[in-house]
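Q: The lines below spell out each chain.
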Amino acid sequence: MLNYIIRRILYAIPILIGVNLITFTLFFVVNTPDDMARMQLGIKRVTPDAIAKWKQERGYDKPLMFNGSEKGIAKFTRTIFFEKSAAMFAFHFGQADDGRDIGREIKTRMMPSLAIALPVFVLGLGVYIVAALIMVFFRATYVDFVGVVLCVALMSISSLFYIIGGQFLISKLWHLVPISGYGEGLNATKFLVLPVIVGVISAAGSNTRWYRTIFLEEMGKDYVRTARAKGLPESIVLFRHVLNNAMIPILTGAVVVIPLLFLGSLLAESFFGIPGLGSYTIDAINSQDFAVVRAMVFLGSLLYIFGLILTDISYTLVDPRIRLQ
Amino acid sequence: MSLLKRLLALLAVSVCACSGNPWNSPYPATDAGKNILYSAFAERPKHLDPVQSYSSNEIQFTAQIYEPPLQYHYLKRPYELIPLAAAELPEARYFDREGKRLPATADAAQIAYTIYEISIKPGIRYQPHPAFARNEQGELLYHRLGAKELATIYKLSDFPHTGSRELTAEDYVFQIKRLAHPRLHSPILGLMSDYIVGLKEYSILLQTATVGQFQENGEAYLDLNNYPLEGAEVVDSHTYRVKIKGKYPQFMYWLAMPFFAPIPWEAERFYSQKGLAQKNINLDWYPVGTGPYMLTENNPNRLMTLERNPNFHGEAYPAEGMPGDAKAGFLDDAGKPLPFIDKVIFSRERESIPRWNKFLQGYYDASNIGSDSFDQAVQLTGQGEATVTEAMQEQGIRLETAVAASTNYMGFNMLDPVVGGTGKHGRESARKLRQAISIAVDYEEYVSIFANGRGVPAQGPIPPGIFGHREGREGLNHVVYDWVNGRPQRKPIEAARALLAEAGYPGGTDAKTGAPLVLYFDVTARGAEDKSSLDWMRKQFQKLNIQLVVRSTDYNRFQDKIRKGNAQIFEWGWNADYPDPENFLFLLHGLQLKVGNEGENAANYFNAEYNRLFDQMKNMENGPERQHIIDKMINILRHDAPWLWGYHPKDYGLYHAWYDNVKPNRLSNNNTKYFRIDAALREQKRREWNEPVMWPVVLGMILLAMILIPAIVVYRRKERGVGIKSDSGKIDNAGAYGTSE
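Those sequence lines, one after another, are chains F and Z. Count the first sequence with my numbering and you get residues 1 to 325, in order. Count the second sequence with my numbering and you get residues 1 to 741, in order.
Isolated chain F (complex conformation) (with noise of 0.2 Å):
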């Protein structure tokens, strides 16, 4: 096994080059490096100079990837991609274009990020499957029939209907908790309550259905109908038997995104008034600063990249059939 994680480590290198090369490329078709210094510096007089310089202290003026007037490696290595690429593998994001160190900000953002995504993770995980083992256990019936119609529901309307449609109920019209904002410790319980409620309804549909669909599928297999003969009681053979074989799939899909925990979600952040890396990426965006969005985007890779080798491990701890190599 360790061979096989040394050996994706390895492939993972290659894919957040090319990553970073995209990421590079595609921020730099849409805004210049004087546009960057324009956006820092405002708008109203604002001099040729004062963008000269700008560039030139944040190591904007070199070319973007290729430096002519460099002789030999120089040529590759004196130009921005380099050079605000090559400390990003020593996890050195640097600064923001706002002087902001970038390294610290992540690790202060991360835990209200984690505050919301960890229990909408656990929550949801555990009331998706209850509910999808619930309708494959009066499949056929008027329960499972509403159940879908209730997922095909769930599953059309927008998130942003959810945020606004439970702001509006929940905190508008009871009074329960507050609309958004965020609190330290404790204080953070009540602002929580509401997008986590949010986040969970929100992905239900879709999540309850497929998880549904597993189950069914496992429903049909040999296993199942051997577990009912033995005489098993149906919530022992689902919750047991189904479950525990369903576990390849449901690994598939979740365990890859616990590591993207950490960086949030980019609506409910901005809606919730969550200080959390959605709204620092959405924010960084806005303000085309790409030290930031830069830092964000080799993150989330690195982070899906570590995900979905966890997820390869747990296959190996849910069925002892699976051996890394």
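Some clues are possibly wrong.
Residues from chain F that face chain Z, not an exhaustive set, calculated with beta carbons under 7 Å [as the list claims (entries may be wrong)]:
#1 L41
#2 G103
#3 P275
As a list, the in silico DMTMM-like pairs of lysine to aspartate or glutamate whose alpha-carbon atoms are at most 20 Å apart [to be verified]:
#4 Z:K564 with F:D35
#5 F:K172 with Z:E598
#6 Z:K243 with Z:E98
#7 Z:K432 with Z:D510
#8 F:K44 with Z:E683
#9 Z:K718 with F:D144
#10 Z:K343 with Z:E683
#11 F:K55 with Z:E598
These aren't lab readings, by the way, just hints derived from the structure by calculation. Here the structure is a predicted model, which means the values were calculated and not measured. The C-beta atom is built at its ideal place from N, Cα and C for all residues, glycine as well.
Using the hints provided, position chain Z relative to the given structure of chain F.
A: Here is chain Z on its own, set in the frame of chain F:
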């Protein structure tokens, strides 16, 4: 057991946190009833260093913290400068080339330089700050921080000791020098280099000095005290002198902006320490001022807090105002010490919907009005006057409106051959085309539909409230309007069509080629919500049979087009820096051409006579003579029509009943000290408006039970009743199934 204990403790804490506080309150219960102003901000400020901060979302903080020498009178209109940190308004002293003093009435051409000598009030002290902290020997405590000391420092409040000192004239001079600091990128360096004697050369000197110093010893701190500046010098501990090239009366207005606020050298030295800069502890993040408030918490991801500065020198609420101010209650607090509010909490609120709802719940004290909530908040009376709706009135919310000192216009690129023209005949033809379009685009309708009536159609570039603006018939743009029944009326579309025909496009087709006239409207990429306004604009041009093609692009490309002169028709706007016509009329001056000069004249309009009149007008004192020249300039502009004059937006603000002393003042930003809050009334209303509604929770639980109970019954029946149907149709009870696996 221990888990149970923990859960109980958590419950207890939650209950305590909620006790006495509405459940949906976003603020701690301990803050209930306190003299705190609650506000919101959407975008985090980029700069809090007064040498750089220019945006309104930055100045709302810096203006409460820093004290430039002058400020605007809070109540008087037109806007009037009064002393803030200065002991009195400085007098402009004029000198000729030989250094001979000239009278105040001297011709501007004779004046070689102007001297402003500014005396500041004695006894003003800085807010407590670690940069001033000293040990028993009188040495500065935190100016040589080592790695060990820095290890435990993450924010400014981690420094255990603070100090203060008296404000001196040197601090003002220090800040003027900072305008030229190569690492600070002050947006007004270019402009001020044209006026402050020696500033341009000083900027080059500092650039060289920085590079040399860094190469020599790696030291990042550049001690500006070692580099004198001719245009700014200390006279004595409480007096300094600024030397301006020629005559520039608008300089007085700049003295009311944070760019000219004092910065103590200790702060600059303190923040330049490498370890602090790496931890985001810098002047851009933690300001140091003498104003009524100081920034005690700066977490722009969530909230920013201003608290009363314990060292504030004191100031009294104005005792004079405009007629009607006394009746409106604006003079009730006359003479009382400022500030009234102890603390201001700004919460980050990115989205308008939560911000609006929290305002309605009483958790924000004031709100602007978005287009989606406009109908909910505002209604128009029979006389066309805006007022709050009944629902707002019931909550005691009131509306304050003011015409902003700004203008939104549509510009023609004068370098474009179609709308700008080439050759004498071509230019004349293009002028008539622009005039025709000026009549056709109905800004009254635009303001009514797309700005909910929040705007005044413009007759020229100068907005109401600024010297040079004329009201009524005197201020009428005769190219576009007629005066009918005591009010301006847009000329009929036939007049526009006639002009279009004279321009060589009868019926919207080119008389020479017979091709339809197609014009291009360059806009920044917009969403679906702006489609209607673009369609409306197309229809306005369609009145003249002109086809308008919208060229939508992202903001960067749009700016690029404007800079390179590749746009044809575009929308733009300008917010006043100060209440002087020069600040609007310069937008069309030849020296400000966008193409070639990188100036602010985005239309690239050039008229030699206009330029001459501008140069004559810019240095004059307000009076009939200046007004006469401005009238001439405006007439030239109306005739040439380089802009569709667009409209001057109106600001609408909603305020709760407990929020007092709010008189909209678009140029003065240090207003928080005048505001007053009735915290007890706010507390009472918050409780009244936010009582928790429990029935939905109970109903939800009943519904859940109603779903679960039959499900459980069915489940149990199914579990017990599993059986195999016999041939006889009877069911064999299968209860004897084994239960072991």
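Q: Hint by hint, note whether the structure agrees.
A: Status of the hints after comparison with the structure:
no.	hint	verdict
1	L41	6 Å, holds
2	G103	10 Å, violated
3	P275	4 Å, holds
4	Z:K564 with F:D35	14 Å, holds
5	F:K172 with Z:E598	49 Å, violated
6	Z:K243 with Z:E98	15 Å, holds
7	Z:K432 with Z:D510	14 Å, holds
8	F:K44 with Z:E683	42 Å, violated
9	Z:K718 with F:D144	15 Å, holds
10	Z:K343 with Z:E683	16 Å, holds
11	F:K55 with Z:E598	18 Å, holds
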